[in-house]
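Novice: As they're listed, the protein sequences go chains A and B. Residue 1 is where the first sequence starts when you use the working numbering, and the numbers rise one by one after that. Residue 386 is where the second sequence starts when you use the working numbering, and the numbers rise one by one after that.
No wet-lab data here; the hints were simulated from the structure. One should not assume that every hint holds.
List time: in silico DSS-like cross-link candidates among lysine-lysine, alpha-carbon distance up to 30 Å [what the hints assert, rightly or not]:
(1) 495(B) to 333(A)
(2) 406(B) to 460(B)
(3) 732(B) to 460(B)
(4) 495(B) to 461(B)
(5) 313(A) to 469(B)
(6) 117(A) to 767(B)
(7) 670(B) to 792(B)
(8) 806(B) to 117(A)
(9) 346(A) to 461(B)
(10) 333(A) to 406(B)
(11) 320(A) to 191(A)
(12) 732(B) to 346(A)
(13) 806(B) to 767(B)
(14) 346(A) to 495(B)
(15) 370(A) to 469(B)
(16) 370(A) to 191(A)
Output of the computed footprint for chain B on chain A, the stretches with three or more beta carbons under 8 Å from beta carbons of chain B [what the hints assert, rightly or not]:
(17) 54-64
(18) 77-89
(19) 96-108
(20) 113-121
(21) 157-168
(22) 329-337
The calculated label-pair distances, taken between Cβ atoms and stated as ranges, are [unchecked claim]:
(23) 25(A) to 670(B): 25 to 35 Å
(24) 460(B) to 350(A): 47 to 57 Å
(25) 424(B) to 350(A): 32 to 42 Å
(26) 789(B) to 13(A): 46 to 56 Å
(27) 796(B) to 314(A): 49 to 59 Å
(28) 25(A) to 804(B): 47 to 57 Å
C-beta atoms are modelled at their ideal positions from N, C-alpha and C, and glycine is treated no differently.
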Amino acid sequence: MTNLEKVISRYREPLETYPLDLMVEWKKNHPSRKLIGCYPVYTPAELIHAGGMIPVGVIGGGNRLEIAHADSRFQSFVCSIVKSTLELGMVGRLDFLDGIVFHSICDPARNLGSVFKRNFPRLMVEYIHFPQNMTSRHTVDYLTAEYRRLKTSYEQVAGRPITDDDIRQSLSVYNQQRKLLRELYAIRAEKPQNLSTVESYILTRIGTILPAEEHIAILEESLGEIRQRNEKPKDRIKVVLEGSFCEQPPLELIEGLEAAGCYILDDDFLVGYRFFTQDVPLEGDPIRNLAESYINRSVFSGVKHDSREPKSKHLIDRFKETGAAAVMILAAKFCEPALFDYALYKRALETAGIPHLYLEFEEKMWIFDKARSEVETFVESMLFD
Amino acid sequence: MAQTGTAEKTQYQGQMHLLQKEIMGRYFERLTRAAEQGDGKAVYMLISGNPVELVHAFDMIPVYPEINALQLAVKKVALPFIQKAEEIGYSMDNCAYVKADVGMFLGDRKTPFATIPLPSLILCNYVGCNVYLQWFEHLAENCNGEIYNLDVPFLREPSGVPSQQDVEYVVRQLEEVIEACERLTGKKLDWAKFRKIVALSGETGELWSKIKALTKNVPSPYDAYFDSVTMMAPLYCLRGTEDGLRFFETALTEMEEKVRMGTGPLPEERFRFVIEGPPPWPYLKTFRDMFSKWGAVAVASTYSTVGGLWEFGFKHDANRPLESIAQHMLQWNVTNRNFLQRYEQIKRYVNEWSANALVIHSVKSCRLFSAGQGDMREYFTKELDLPTLLIESDIEDPRYFSEAQLKNRIDAFFESLEHKKLVRGGTA
Ligand code: SF4
Ligand code: SF4
Chain A
1 MTNLEKVISR YREPLETYPL DLMVEWKKNH PSRKLIGCYP VYTPAELIHA
51 GGMIPVGVIG GGNRLEIAHA DSRFQSFVCS IVKSTLELGM VGRLDFLDGI
101 VFHSICDPAR NLGSVFKRNF PRLMVEYIHF PQNMTSRHTV DYLTAEYRRL
151 KTSYEQVAGR PITDDDIRQS LSVYNQQRKL LRELYAIRAE KPQNLSTVES
201 YILTRIGTIL PAEEHIAILE ESLGEIRQRN EKPKDRIKVV LEGSFCEQPP
251 LELIEGLEAA GCYILDDDFL VGYRFFTQDV PLEGDPIRNL AESYINRSVF
301 SGVKHDSREP KSKHLIDRFK ETGAAAVMIL AAKFCEPALF DYALYKRALE
351 TAGIPHLYLE FEEKMWIFDK ARSEVETFVE SMLFD
Chain B
386 MAQTGTAEKT QYQGQMHLLQ KEIMGRYFER LTRAAEQGDG KAVYMLISGN
436 PVELVHAFDM IPVYPEINAL QLAVKKVALP FIQKAEEIGY SMDNCAYVKA
486 DVGMFLGDRK TPFATIPLPS LILCNYVGCN VYLQWFEHLA ENCNGEIYNL
536 DVPFLREPSG VPSQQDVEYV VRQLEEVIEA CERLTGKKLD WAKFRKIVAL
586 SGETGELWSK IKALTKNVPS PYDAYFDSVT MMAPLYCLRG TEDGLRFFET
636 ALTEMEEKVR MGTGPLPEER FRFVIEGPPP WPYLKTFRDM FSKWGAVAVA
686 STYSTVGGLW EFGFKHDANR PLESIAQHML QWNVTNRNFL QRYEQIKRYV
736 NEWSANALVI HSVKSCRLFS AGQGDMREYF TKELDLPTLL IESDIEDPRY
786 FSEAQLKNRI DAFFESLEHK KLVRGGTA
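Extracted from the complex, chain B is given alone in its bound form (with noise of 0.2 Å):
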C-alpha cells in the first residue's frame, strides 16, 4: 500500500534540465560580471506580470529580487539574511521574501548563485502585490537608486477584464518607462528589436502554454507543481530571447515524447490534484515526497501562472508591442486577478485537467495568495463538493515548516480520498 511506502524518485534529469542549468548557469554569470566588472546595467523587477521584453530591448539585465529571495531559500542560506532583517526592523509578520532579499542586499550582495548588481533602475512592476510597492521602496532607500513606480490597475470590473482606460494607462507609462531606459543607457529604442523580442515572446508562450497542456493527459507526464519550477526562471529571465525559445523547444519535445511513452514523474499515477499558492521552497523536496508517496500528481497550479497566464490563449503580438505587454500585466497573470478569477482558475483546471481533489498551501509571508483561502476551501468543498486540503507553512521561512504536522494532515487527506475510490469501485 502506498501509505507505508517511501519516497518515490521523482527526479527527471533530461536534456531540458541540462539546458536549464546552462543558460541560467549564464543568466547568473551575467549577474556576476555586471556586479562586479560593472558590464551591463541592471533593471530590478518582479515576477508577476513582468515587461522583461522591454528589458531585453536595451540590452540591460533583468534582476528579479524574487529569484534572489527563492534561491536562497532552495539554496537553505535564507535564514540569516531573515534575521538580520528582524534585527533592523522588519517584523515576524513581513513577507519573508522581502527580508531574506533585504537582508541580502544590505551586505556584499554575494550569493551560493551570483552576485546581485546594484540596479540602474528599480521598475517596481506593481502587479497584484501590495508588498511589492513596499519591498521596492525600500530597496530604493537602501541604495538611493532611481524608482519608478510601474502602477497597473488590479482587475476589478464584473467582467474580468480591463477596461480601455486601464490599458491605454499601463501603455502610457511603460512609455514613460522607454524615456527612462532611453536616458540610463543613452540609446533610444530600436522597434525593429524591439518588435523581434516581443514575437519570440509570443512563440515562447505558446510553447509553454502547449506544455502546460500536456498535463490534460493520464498519466501527467510531468507535475505542474514541482516540475514547472524548473522552467519558470527561464520564462522570466530569458522570455524573448533566442536561448529561451529553445529551451521550451526542446522542453515541449521532450514531454510530448513522455505522453507517447505514457510515462509520468511516478511509476504510478493514482490521484490528480490541482494545487494553489506558492512551494515551500526551503523544503521543496520533502515536500514533494509528502505527495509522491501517494501516488499524487499535480495537473495544475496556481502559482506557475504568477509571472503569466497563457494556458487560457493569451499570446504577445509584436504588432502591438506595447498594448500587449500591457495585457499581459494587467490581465494575463494570476496575481492581478481578483480572489475570484482565482477560483474560476481553479475550477477549469480541475474540470479540464481533469483533477479529483484540491489542496490549498496557505503561506504566511504571501498574503496576496493567502488571505481569505478559508474561503476558497469552503466554496469548493460546500459548492463544488471537491476534496480539499488547506495546509500551511511558509514560501521562504524555513521557521514555518512543520514536517510531522504537514505529514499527518496530507496523509490523512489522502488516506480518506483512497477509501472513497475503494467504495467508489477503484475509479476516482
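Excised from the complex, chain A in its bound form (with noise of 0.2 Å):
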C-alpha cells in the first residue's frame, strides 16, 4: 500500500459517517487546545490559529445523520446543511468546539447563526459579514476592520493576545496550504488519469478538520506518490463542476460522476479552503493583506458577487483554460446563490455552444442511480455526436 492509499483508506470512514469525531479524538488528547467550528464558505482561518486554537470545517452532517429536531426549526425548503449543521448541535456532536462562525454567504446561513447563538449559549458564535462591494475606495479598509474586531473576540475565547507576529506565522502556514492544493488541482487539471476527483476531495476534506501542519505533511507526501503515477487516460469526457461550494455531496455520488464516464478537471468543492490564487503576502500588515487578498486575488464563487465580472466568465475562462469539453453543475438543493447562479450560468453557457448538465443534490442522500445515468446519457450525446 503506498502511502497515499493508506490515507485514503485511514480517512473515508470517517468522512463518509463522522468527520468531526477525528477531532473529537483529536481533543480527548490536548484537552486544553481550544477548537472552533467554521461554517463554510469561506473562513480567515488564520485568525484562528494564530490565537493558538484549530479552526475546524463544520460542513454539515453527511448522509448518516437523522435529522430529528431541527426539521422543526428550519423549514422544508431550506437546504439540508442548515438543518443538519443544527442538529449536529443538538445531538451534542458540537459540543468539542469552544466556538462556532458563520458568514454572510446567504439568509438562511446567517439566521442559523442567530439560532446557534440562542440555543447554545455555551459557544461564542460569531458572524463575519464580507463586502460585497469590490469597487469601493473603501472595502478593504472595511474588512480589516471587521477582521480586527474578530481578532479581538478570538483573543477572549484563546486567553491571550493574538500579534502580528502570530497572524504572520499563520499566513504563511496556509499559504502553504493553499499552494500544496492548487498544486493538486493542476495535476487534476492536466492529467486526471493520475488523480481522481474522490481522491483529491478526500484530500483536500482532511484539511478542512485537522490541523494544518499534519495536513500539510499529509499532501506532501501524497503529491510526490502522485506525481509518480502515469497512468493511462480512458475514454471519458473533460468538464469543469460547479456549485458545490457550501453544502457538499456525499463521496460517493462525486466518485458516481467520474465513474459514469468523465474526469473533472477542476470543481468548486471546499472551494474556500482554496481561496485565494497567490499567496497572501506576509510584508506589512498582516491583517490588511488578509482583508485585500479577499477584495483582489480570491477566486469566484456564488456567494461573492464582483460587479468587476460577470461570474459566468470566469466559469467560461475556466472551462476554456483547462480544455474542458464540457460544463457540469452540480447544485445543492434549495441552495439560493447556486440555483440564482444557474441562470446566468445556463444562458452564458448555451450563447458560447458549451454543452453542460445540471444536476441537483443533497448531502444526505443515499441513491446515486439517477445522478449517474443522466450523467452516462450526457456523456454518450457528447461521445457520439
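Starting from the two chains in their separate frames, assemble the complex, guided by the hints.
Specialist: Spelled out as C-alpha cells, the structure:
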C-alpha cells in the first residue's frame, strides 16, 4: 500500500460518517487546546490559528445523521446543511467546540448563526460580514476593521493576545496549505487519469478538519507519490464542475460522476479552502493583507458578488483554460445562491456553445442511480455526437 | 358565533386612500413617462433601508423592483412572468419576487400599473437580503446597466448597534453613490436641497411612527398588517417629498379621529395579534378575511418595518444627512437586524401593543424572513408562553397558497384562543 492509499483508507470512513469525530478524538489528547468550528464557505482560518486554536470545518452532517430535531426549526424549503448543522449541535456532536463562526453567504446560514446563539449559549458564535462591494475605495478598510473585530473576539476565547507576528506565522502555514492544494488541482487539470476527483476530494476535505500542519505533511507526501503516477487516459469526457461551494455531496456521488464517464478537471468543492489564487503577502500589516487578498486575489464563487466581471465569464474562462469539453453544474438542493447563478450560467454557456449538464444533490442523499444515469446519457450524447 | 360568520367588511375608504391613489398614480405616471418618453433617469433600488433621499436630491426616479413584483402579484398577473423565468433557467426554489420581476423585465416592461423604465443606475442597497445581490446582478447583466453594490454590514455585534467603522464605511459608499449620480445627471449635489429632503424624511418618519403608536389603543384604529400596506408605498417612493409628507399628515389625522370615535377596522375587536413575515400578495383579501371573521386585528407587524423601523425612536437628521441615512440602512429596519433582534422586536410589540397571540406567516420565497421561523415559534411558545401559529404560503407565487389548509389552521388556532378566553372568564 502506498502512503496515499493509506491516507485514503484511513480517512474515507470517517468522512463518510462523522468527520468531526476525528477532532473529538484529537481533543481528548489535547484537552487544553481550543477548537473553533467554521461554517462554509470561506473563513480567515489564520486568525483562529494565530491564537493557538484549531479551526475545524463544520461542513454539514453527511448522509448518516438522522434529522430529528432541526426540521422543526428550519422549514422544508431550506437546504440540508443548515438543518444538519443545527442537528449536530442539538445532539451534542458539537460539544467539543469552543466556538463557531458563520458568514454572510446566504440568508439561511445567517439566520442559523442567530439560532445557534440562542440554543447554544455556551458557544462563542461569531458572524463575519464579508463585503459585497468590490469596487469601493473603502472596502479593504472595512474588511480590515472586520477582521480586527474578529481578532478581539478570538483573543477572548484564546485567553491571550494575538500579535501581528502570530498572524504572519499562520499566514505562511495557510499559504503553504493553499499552495499544495493548488498543485493538487493542477494535476487533475493536466492529467486527470493520475488523480481521481474522489482522491483529491478526500485529500482536501481532511484539511478542513485536521490541524493545518498535519494536513500539510500529508499533502506533501501524497503529492510526491501522485507525481510518480503514469496512468493511461480513459475514454472519458472532460468537464469542469461548479455549484457545490457550500453543502457537500456524498463521496459516493463524486465517485459516481466520474465513473459514469467523465474526468472532472476542476470543481468548486470546498472552494473556501483554496480561496486565493496567490499567497497572501507577509510583509506589512498582515490583517490588511488578508483582507486585501479577499478583495483582489480570491477565486470567484456563488457567494461573492463581484460587479467587476460577470461570474459566467470566470466559469467560461476556467472551462477554456482547462481545455474541458463540457460544464457540469452540481447545485445543492434549495441553495439559493447556486440556483440563481445557474440562470446566468445557462444563458452564457448556451450563448458560447458550451454543452452543460445540470444536476442537483443533497448531502443526505443515499441513492445515486438517477444522477449517474443522467451523466451517462450526457456523456454518450457528447461522445457520439 | 364568529366561527360561523362570513367575512366581516374590512374595507375602509377615507381621504388617505384617495390621496394614496392620487400620489401613487402620479408616481407610476412618472415611471411610464421616463420609460416611454425618456423623461427622467431611473435608479433601481431595494426597499430595505432604502436611501431614497439621495435619489430625490438628484431628481432621479426611484424604481423598486420589489414594488413591481408586489404589484404584479396583487394584480394577479405575476404567474406567467414567474413561469417565463423558470423556462430560462430559474429554479422553482428561487425567490419568486425575482422571477416575476426578471420575467417582466425581459419583455416590454409594460405592466397594468406602469411601464417600467430602464435603469440609469442599478443601486443595489444590500441591506440584509442576500438575494438582492443576485437579483440586481441579473438585472445588470440583462440590460448591461451600471451597477453599484452599496454594501451595508449586517448587525452582528451583541450590542445590536453598528460600529463606528460600519457607519463610516456606509457613509463613504454613499459619497461614491453621490459621485455616480453627479456623473449621470451632470449636476453637482445641491446640499441645501438634500438637507431639506432629509428633513422632510425625518418629519415623515415621525408621523409614521405616531401612526404606528395608535394601534396600541383598544380597539386598534386600523390593522397594522393589512392596512399598513396602503401606507408603505408612499413611505418608500415618496418619503422626502411634500406629497409624501401631506399623505402622512392626512393619514395621522384620520387615524386619530378613529381613535377618538373608538372605531377600528372590524365591527368588534376580539383578538389582538402580532404578525411576522410578508403577506401573500396574490391572495391578500382572502387571507385577511380569514382573520377578520374571528375579529382578529394585527396590532403590529414586522413586515411594515422592512423599509424602516421608525417606531422605536429613529429620525433622519438633516444636520447629519449622510450619517443618518447610514444609520437608517444599518440599524433602523428589520432586514438588517439579526434574527434574535427580530425576536426582541416582536416581544416588544406583544408587550407594548398588548397582543395576545403571534402569527408567523412563513413564505417560501423569502428565506431572509422565514429561515428558522420554527425556532422563533419555539421561543415564543416555550419560553414566553405566547400562543403562536405558524402557517406557510408565499409572498408572490400563487401556486403556494393553499386556501383550505390555511383556513383550517387559522380557525383551529382562534378556536383554541377563544376557548382559553372563555375559561379565563371573557378576557383574553
Ligand atoms: S448550501 Fe447554499 S443556501 Fe445552504 S447554507 Fe450553503 S450557501 Fe446557503
Ligand atoms: S428573499 Fe425576501 S427580501 Fe429578498 S428579494 Fe426575495 S422577497 Fe425580497
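Novice: Give a verdict on every hint.
Specialist: Hint check results:
For the hint linking residue 495(B) to residue 333(A), the alpha-carbon distance of about 33 Å lies beyond 30 Å, and the restraint is violated. Among the hinted pairs, residue 406(B) with residue 460(B) is consistent with the structure: their alpha-carbon atoms are about 15 Å apart, no more than 30 Å. For the hint linking residue 732(B) to residue 460(B), the alpha-carbon distance of about 34 Å lies beyond 30 Å, and the restraint is violated. A threshold of 30 Å between alpha carbons decides the hint, and for residue 495(B) with residue 461(B) the separation of about 15 Å falls inside it, so the pair holds.
Pair hint residue 313(A) plus residue 469(B) holds up; C-alpha atoms about 24 Å apart against a cutoff of 30 Å. Of the pairs offered as hints, the one joining residue 117(A) and residue 767(B) holds, with about 17 Å between alpha carbons and a cut-off of 30 Å not exceeded. For the proposed pair residue 670(B) and residue 792(B), the alpha carbon gap of about 13 Å is at most 30 Å, so the pair holds. For the proposed pair residue 806(B) and residue 117(A), the alpha carbon gap of about 35 Å is over 30 Å, so the pair is violated.
About 29 Å separates the Cα atoms of residue 346(A) and residue 461(B), which keeps this hinted pair within 30 Å; it holds. Distance restraint check for residue 333(A) and residue 406(B): the Cα-Cα separation of roughly 42 Å exceeds the 30 Å cut-off, and the hinted pair is therefore not satisfied. This hinted pair checks out: residue 320(A) and residue 191(A) have alpha carbons roughly 16 Å apart, not beyond 30 Å. Pair hint residue 732(B) plus residue 346(A) does not hold up; C-alpha atoms about 45 Å apart against a cutoff of 30 Å.
At most 30 Å may separate the alpha-carbon atoms for a hinted pair to count; residue 806(B) and residue 767(B) meet this at roughly 20 Å. With a C-alpha separation of about 26 Å, the suggested pairing of residue 346(A) with residue 495(B) holds against the 30 Å cut-off. Of the pairs offered as hints, the one joining residue 370(A) and residue 469(B) holds, with about 27 Å between alpha carbons and a cut-off of 30 Å not exceeded. For the suggested pair residue 370(A) and residue 191(A), the alpha carbons sit about 28 Å apart, so the restraint of at most 30 Å is met.
Counting residues of the region 54-64 of chain A whose C-beta sits closer than 8 Å to any C-beta of chain B gives 0, which falls short of three, so the coverage hint is violated. With 3 residues having a beta carbon nearer than 8 Å to a beta carbon of chain B, the region 77-89 of chain A meets the requirement of three or more and the stated coverage holds. For the region 96-108 of chain A, the proposed coverage by chain B is satisfied: 5 residues have a C-beta within less than 8 Å of a C-beta in that chain, meeting the threshold of three. Residues of the region 113-121 of chain A lying with their CB closer than 8 Å to a CB of chain B number 6, which satisfies the three-residue condition for coverage.
Counting residues of the region 157-168 of chain A whose CB falls under 8 Å from any CB of chain B gives 0; the rule of at least 3 is not met. As drawn, the region 329-337 of chain A meets chain B at 4 residues by the rule of a beta-carbon pair under 8 Å; at three or more, the given contact holds. Distance hint check: the CB atoms of residue 25(A) and residue 670(B) are about 60 Å apart, inconsistent with the given range 25 to 35 Å. A hinted range of 47 to 57 Å is violated for the C-beta pair residue 460(B) and residue 350(A), which are about 32 Å apart.
Distance hint check: the CB atoms of residue 424(B) and residue 350(A) are about 37 Å apart, consistent with the given range 32 to 42 Å. At roughly 49 Å, the beta carbons of residue 789(B) and residue 13(A) sit within the given window of 46 to 56 Å. Distance hint check: the CB atoms of residue 796(B) and residue 314(A) are about 52 Å apart, consistent with the given range 49 to 59 Å. In this structure the supplied range 47 to 57 Å holds for residue 25(A) paired with residue 804(B), their Cβ-Cβ distance being about 54 Å.
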